[in-house]
Amino acid sequence: MTSAITASSLTKRYGRVRAVDAVSFDIQPGEIVGFLGPNGAGKTTTLRMLAGLVRPSTGSCSLLGSPVPGAGLREVGTMIEEPSFYPYLTGRGNLRHAAILHGGVPESRIDEVLGFVRMERAADKKVRAYSQGMRQRLALARALLWRPRVLLLDEPTNGLDPAGIAEVREALRTVAAEGVTVLVSSHILAEIEKLVERILAIDRGVLRYDGPLHGLLEAAGAGGVEYDIEATDGPALVAALERIGYAPVARGERGASVAIPSNQAAGLLARLGAEGVEVIEARRATATLEEAYLKLVGAEGRPS
Amino acid sequence: MSAVVDVVRAELFKAFRKRRFYALAGLYWVLLPVVALITAAVLDRNLTGSFADQNGTIVQVVQGFASPFGLARLALMAPALMSPTAYIIAVALFAGLFIGEERSHHMWKTTLAVQPARMAVLIGKLTSGMILLGLLLAGGLATASLAGAAGMLFLPTTFGGTWGSLVGLFALQWLHLLAALTLAYLLVFLVRSGTLGIILVIFLPALLEGLWAILNTLQQLEPLTRFNAVFQALRLKQAWEGLPQLFFTANLYAPARHPLGAFVRSTGASANADLGPIGNLLGQNLTLPHAALVMAGYTVVFGLWLAWVLHRRDIE
Ligand SMILES: Nc1ncnc2c1ncn2[C@@H]1O[C@H](COP(=O)(O)OP(=O)(O)OP(=O)(O)O)[C@@H](O)[C@H]1O
Ligand SMILES: [Mg+2]
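Chains as they are written, first to last, in the numbering used here: chain A, 909 to 1212; chain B, 8 to 323.
Simulated from the structure, these hints should not be mistaken for lab results.
Note that the coordinates shown come from a computational prediction; the quantities given were computed from them, not determined experimentally.
Glycine included, C-beta positions come from ideal geometry on N, C-alpha and C.
Some hints could be false.
To be verified - For lysine-lysine, the following BS3-like pairs were computed, each having C-alpha atoms within a straight-line distance of at most 30 Å:
1. K25/B - K1203/A
2. K25/B - K1033/A
3. K1102/A - K1203/A
Stated by the list, open to error - Heads up, incomplete: computed chain A residues facing chain B, CB under 10 Å, no partners named:
4. L961
5. R963
6. Y994
7. L1068
8. V1187
9. I1188
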């Protein structure tokens, strides 16, 4: 099967700055991949190169098996940075312009994508009068117009309200379920965590992590996952954990925190049961994506 | 090919929602004939048979610019005789619409993501500009002729005239405008500020050519004979004096200014009014085939340049 998105030693230099430095990855059709990195890491530049807007200094990329720039670009929907529109046209007018410009988009598709991003009611207002969230939604609608097979999205939830963020997440899940490949950059890690299975993390132009989401979480846990456990009897819980060989810290009357090797997490509850402890709740306490991410980019996670 | 058609349809969709196109068309299609007819009517009512009217001069004059043919000819010439010319203003406005706006609204990244075939985008945008210019000119020819025909109801005018060659001149002038359009797109694309780009389009060629006229005058002054001597030595003098033959503006408006002599004659003035160095700048001594060839050359040069920069440019 040909890859949906391939980057080979993709490099972009601006003067002496290496905005993107020998980045390589390979994304299969149907994958949803999160693209993370601090401000100035090179996410937008990478997406621009994939979208054929910026020429790589060296290296190359391809979409759906054809080198960029090339035939693959017609199958791509993009949202790069701040979305732009003709302010004197309505939302619908902007979509119609894009539909004609791209070619081969039936008129009915315009209402379809407007409905998909819930913009039917604002569609006939001039874009000049749109809020940031409305512009963001309209841009997503435009990116979906010609039923692209690949979506390149740069911070698509920027400026959306919580309901809007959830809607965009659902929308992306829906299109991904139809086999569309999605590469989405974001700073809202909680969102990415809910949406993707795979993470690309870039820092100062260099790809620092490429792998499954849980891998990043585990790497951050570095052999230890922390659990907050609550049981009917706190001291008994602590004693049982110590007997198993861990070093728990008591929390309140009935709780305890404990760090265990991640490969032993699965059997923990069963073993506590065998020790006669009645567990009320056990929660994984560490290694949300955000922590994992901050660990990865470390104190250097500032604009470079 | 179909990508070019898509681009043209999309750009026209946009252009017809802009007021500037209608404003331009209104000025040219309505105002010009109305002013001409009113002027003719005033002349006709007040001067026919008066002391100024020797041997039916007034009838001739009115026929010259308010008959169907005369008015249509005026619609071709008048835009080229203003300063800056109405032709270049229209060209600059379309360059602003199709190229300048893409920058000012940050639309290049969107346009080229929606339609990644950059050469199709360029050719489509040029085609759209030419279609609008063609519409303006054809509409000008039509409305002027119609207004002239209406004028026959109350003016002593007739339908006669060399219509075939006039239509040919309209078509030729339209083709010449492709060179101006290409230059305008290039300047607006290269210059980061849209306004500055448009100002350059309107004044740059005239500025360069004016510079030539100034240098030419200086060169003839005594203290600058050394300048002259160098010129002679390098055998540049001939080239220098031949330069206006290749000037952009002079050749650009050659078709529109071609009927000027006939027009002037029709008003009874002596036919060979020599305009001197101004005549050079106005393209008085240029033949139409020469002008067409020069314009074709400019179009190719500007077109290739534009294609190259658009092909190479990183879109932010
Ligand atoms: N046109 C340009 N000229 C010079 N430097 C540039 C240009 N575009 C980007 N850069 C530099 O390239 C680096 C990467 O920028 P990029 O916009 O790709 O970062 P990003 O990961 O998208 O950041 P953010 O999260 O803030 O959007 C930055 O150091 C930036 O200053
Ligand atoms: Mg960015």
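Hints versus structure:
1. With a C-alpha separation of about 53 Å, the suggested pairing of K25/B with K1203/A is violated against the 30 Å cut-off.
2. Of the supplied pair hints, the one linking K25/B and K1033/A holds, its CA atoms being roughly 16 Å apart against a limit of 30 Å.
3. Using a Cα cut-off of 30 Å, the hinted pair K1102/A and K1203/A holds, with the two alpha carbons roughly 19 Å apart.
4. Taken as an interface hint, L961/A checks out: its beta carbon lies about 4 Å from the nearest beta carbon of chain B, inside 10 Å.
5. Hint status for R963/A relative to chain B: holds, with the closest Cβ pair at about 6 Å, below 10 Å.
6. With 10 Å as the threshold, the beta carbon of Y994/A comes within range of chain B, its nearest partner Cβ sitting at about 6 Å, so the hint holds.
7. A hinted interface residue such as L1068/A counts as satisfied when its beta carbon comes closer than 10 Å to some beta carbon of chain B; here the least separation is about 19 Å, so the hint is violated.
8. Against a cut-off of 10 Å between C-beta atoms, the interface hint on V1187/A is violated, since the closest Cβ of chain B lies about 53 Å away.
9. With a cut of 10 Å, the hint placing I1188/A at the interface with chain B is violated, because the nearest CB-to-CB distance is about 53 Å.
Violated hints for the displayed structure, listed by number in ascending order: 1, 7, 8, 9.
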